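Asks: Residues per chain, in single letters:
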Amino acid sequence: MPEAMVKLAGIHKRFGELEVLRGVDLEVAKGEVVCILGPSGSGKSTLLRCVNLLEPPEDGEIFLEGHDICKGPNSGTGEQSWELDFVRQRVGMVFQQFNLFPHKTVLDNVTLAPRQVLGKGRAECEEKGKALLERVGLSDKLNQYPERLSGGQQQRVAIARALAMEPHVMLFDEVTSALDPELVKEVLDTMRELAEEGMTMLVVTHEMGFAREVGDQVVFMDGGVIVEQGKPAEVLDNPREERTKKFLGLVLER
Amino acid sequence: MSEFFNQYFDFTVMGDHFSEVLEGFLKNLLLFAVVLVLALTWGLILALIRQLPGKKFIPLRGLTIAYIDVFRAMPLLIIILLISGGLPYLEFIPKDIRIPQWFGQPDPFWYGALALTLVYGAYIAEVYRAGIEAVPPGQIEAARSLGMSHSQAMRHIVVPQAITKIPAPMLNELNSLLKDTTLVSVVALGESLLIGREVLAETFNSSAVMLAGLMFLVITLPLARLVDYLIKRNQGKVTRGAHIEVG
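Order-wise, the sequence lines are chains A and B. The opening residue of the first sequence carries number 2 in this note's numbering; numbering runs sequentially from there. The opening residue of the second sequence carries number -10 in this note's numbering; numbering runs sequentially from there.
No wet-lab data here; the hints were simulated from the structure. Be aware that one or more of the hints could be misleading.
Far from chain B, by Cβ distances over 10 Å, these chain A residues were calculated [unchecked claim]:
#1 F64
#2 E125
#3 V228
Pair by pair, the computed Cβ-Cβ distance ranges are [as the list claims (entries may be wrong)]:
#4 A:K247 <-> B:P42: 52 to 62 Å
#5 B:P64 <-> A:V226: 55 to 65 Å
#6 A:Y146 <-> B:T1: 51 to 61 Å
#7 B:K168 <-> A:K186: 53 to 63 Å
#8 B:A123 <-> A:K186: 29 to 39 Å
#9 A:G11 <-> B:P149: 20 to 30 Å
#10 A:D181 <-> B:P64: 48 to 58 Å
#11 B:K168 <-> A:G17: 45 to 55 Å
Computed from a prediction, not measured in an experiment: that's the story for all the values here. In this text, a Cβ means the ideal position worked out from N, Cα and C, and glycines have one as well.
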């Protein structure tokens, strides 16, 4: 097996008294799509936020393309010795609440980080930004402000914005949960295309259909640990663990 | 009743001293303009220091909070007197700085400007802070996850949004600042109140002081209406925003 794109080993994270992650191990190969399921409070979003060090873990190791990002040589770039620059320019993230910059146009949302962080020229960034927005089907919205867009459109801008940094890994944190039902598909379709192009993806989701069709691996979390993981068909159709069965029963019953 | 009017609204006294009082008032406005620039800058610097993340900035953050608290807690008049009555005698400071005469303005002008900047910088820092804290944390997270540093996120994402959330409280502070420029009369800056008081001392008539006050009203009353308008407009925005989220 080739070197893992992302490898987590023994990740622990606590918020005060509350231990949210209690020893998580996970390997994600290049080009793989891993869907993370679990009840709310199971630690799945926190796990995702550990991968790009928005929430640095207290204990454990995270390897990104073979580099231990929890204690890298570029110490001093953030709190403690996290290799923030290395991580955040390789890992893109899309949020439940979109978090688009409301005071910037759609195109500026997409070009801001490449210009400021990578120091690229305006013309180059705008050309690339337009191409990305065309790819997510929004080339007619370049000069709109985010508040004029539907939730689904905003989320697709957010995906384009993350892609503009040319990440090697994309994190999706319940990106369809805040959307009206009829807008979910357009976002999932964009993610499906991205997966087909070979992007490595970690996806926290409640969309069972997406996990089944697009996921290479499905991970079920509960109580801060991984309870069960495997191929989508195994975990979703023949869960071994009681907790997985119970959760899937509740979700699929709807 | 006519006695009252003669004491406060004697148009002859007002007319006789109009140009002097107006000249003094222009001095108030000049002082206001200088402090406006300095205090808005100083306040932003303080607010940004207060937002620095991480353990290594704890001492600097603590110092800034202490500064903001102390300078908001001290009477402005005392600060003015401490500076004007002390700074000129600190001989280890170069003479150009302890007795400043920059840009043709006398030293009381600059003592006043310094005191007002120190105090209003603290007040304005709190206004900026309210604006910064009103920006949803998801904005910083998004910026940081795109690889921006803390200072890039502040500069491009947080501060531009923070400023749009605080025009009303900021104008309130600036309104107070304009009025408080009269306090510098105690160190003999020839501004409108001092000139009014000189007339009062000569004639035992308050009309020149009243005239100075009326000149302030010309600016501060419309400002109060503007603040009300901005607050109302902002409430409208909030309601509309909530509506969009629900819809």
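Asks: When you look at the beta carbon of F64 (chain A), is every beta carbon of chain B farther off than 10 Å?
Replies: holds (19 Å)
Asks: Could you let me know if the closest chain B CB is still more than 10 Å away from the CB of E125 (chain A)?
Replies: holds (17 Å)
Asks: Taking the Cβ atom of K247 (chain A) and the Cβ atom of P42 (chain B), is their distance within the range 52 to 62 Å?
Replies: Roughly 40 Å apart at Cβ, these two residues miss the hinted range, so it is violated.
Asks: Is V228 (chain A) truly not at the interface, in the sense that its beta carbon sits beyond 10 Å from all beta carbons of chain B?
Replies: Holds: least Cβ distance 27 Å, greater than 10 Å.
Asks: So does Y146 (chain A) sit 51 to 61 Å from T1 (chain B), Cβ to Cβ?
Replies: At 59 Å between Cβs, range holds.
Asks: Verify the CB-CB distance for G11 (chain A) and P149 (chain B) against the hinted window 20 to 30 Å.
Replies: About 41 Å separates the Cβ atoms of G11 (chain A) and P149 (chain B), which means 20 to 30 Å is violated.
Asks: Between the beta carbons of D181 (chain A) and P64 (chain B), is the distance compatible with 48 to 58 Å?
Replies: holds (56 Å)
Asks: Taking the CB of P64 (chain B) and the CB of V226 (chain A), does the distance hold inside 55 to 65 Å?
Replies: holds (59 Å)
Asks: Assuming the hint says 29 to 39 Å, is it satisfied by the Cβ distance from A123 (chain B) to K186 (chain A) or not?
Replies: holds (34 Å)
Asks: Should the hint that K168 (chain B) and K186 (chain A) are 53 to 63 Å apart at their CB atoms be regarded as holding?
Replies: At roughly 59 Å between Cβ atoms, K186 (chain A) and K168 (chain B) fall inside 53 to 63 Å, so the hint holds.
Asks: If I claimed the Cβ atoms of K168 (chain B) and G17 (chain A) lie 45 to 55 Å apart, would that claim hold in this structure?
Replies: With a Cβ separation near 46 Å, K168 (chain B) and G17 (chain A) satisfy 45 to 55 Å, so the hint holds.
The structure fails hints 4, 9 (numbered hints given earlier, in ascending order).
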